[in-house]
Structure formats: structure tokens, C-alpha cells
Amino acid sequence: MLNAVRVKGVYFKPFILIVKASPERLDRALSRLLSGRLRALAVLLDVGVAVGFGMMIFSLYFLASNLVKHFTSPKSFVAVFPPIPGVLLPLEVVPHFIAALFVAVTLHEVAHAAASKLAGIRIRSVGAALLAVILAAFVELEEKDVEEAGLGEKLRVFSSGSFANLALFVLLLVAFAALFQPGGVLVQH
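Heads up, the sequence shown is in numbering that gives the first Met the number 0, so the first residue is 0 and it goes up one at a time.
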């Protein structure tokens, strides 16, 4: 069995590459960004917790009803697949897919970091990983701080990433709907 290679924040093993960085720069940037906006962020994160529970309930409903459809009326069943470029998506979209993934993952992790800062939970490290062909990113929190945090603070931290991704989706949906009008003739009576 091959041993892992560790060199100054880089961990390498066959099919696994992890790059960790110290969180000081992120911490300074978040301090500047959040200065004077802590109350607004707290309210937004509370909304994120509620929306997170709503998304969880909707997801469970969708998957359960879809499973029932699979057995009762297979024609209305909707297959759920991960979007794998080159397998389920044409290879031409790979650069766009990676760019979108980079934006979504970065926003997701920065949201976790901002919520952690608001809760007083220290960040141990930040980083990115390549697990075989799967790209990932992370914000590693001080476990002791997480254990000592209250339930509300934990919920804010854990739901913030998904809420940020949903907010980005809604923002882009509205922007693209406003920017691109369908062609054709408008008939008014």
C-alpha cells in the first residue's frame, strides 16, 4: 500500500489530492466585508435555516414521490442522475461546467466561513481537493468551537452554504429572465 505524501499543506495519495491553506487572508477579508453588517447577516442566516428545512422537506417529498412513481407509473418517473461531463453532458460544456462549479463551491464555502465567523467559531483551514475526478472545497472548523456553539449557531453555519447556492440560483434566474426575452410576436387584444 502506498503511503501518503505530505508537503507544506499538500496531501497526495493515489487518486487523492488535498491542498490546505491557512485561513488568515479569508478571515481578514470576511472582517472587512462583514463590518457593520452583522445584524443583517444574522437575519439572513436565520432565513437560510428556515429555507434549508423547506428544501429538505421538498427534496424528501420529491424523491419519495418519484420512487413511488417508478413502481406505479414508470412513464412519469423522473430519473435523477449527477451531471457528469463526457457521460451525461457533452464534452464541449466541460469548461462551462467547471467554471460554474468553481463559482458555486466557492460561494458555498465562503458562506460557511462567514456564518462561522458570526458564530465565533474559528476556522482551522480552508482548501480544495481532487478526489479521483471529483472536485471539492472545504472550510475546516475548530471542532471544540463547534461543540460549544449553540444549536441556532450550528444550524446557521450548516445551512448557510446551501442557502447561498439557492440565493445565487434565484439571482441568476431573475437576471437571465430579464436579459433574454424570447423572440416572436406578442399578440394583444
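A few of these clues could be false.
The calculated label-pair distances, taken between Cβ atoms and stated as ranges, are [unchecked claim]: (1) P94 to T71: 39 to 49 Å; (2) F52 to P181: 31 to 41 Å; (3) P181 to V6: 48 to 58 Å; (4) G35 to F137: 24 to 34 Å.
Hints in this document: simulated from the structure, not taken from any laboratory. Ideal Cβ positions, reconstructed from N, Cα and C, are used throughout, including at glycine.
Comparing the hints with the structure gives:
1. Roughly 41 Å separates the CB atoms of P94 and T71, a value that falls within the hinted 39 to 49 Å.
2. As the Cβ distance of F52 to P181 is approximately 35 Å, the hint placing it in 31 to 41 Å holds.
3. At roughly 54 Å, the beta carbons of P181 and V6 sit within the given window of 48 to 58 Å.
4. In this structure the supplied range 24 to 34 Å holds for G35 paired with F137, their Cβ-Cβ distance being about 28 Å.
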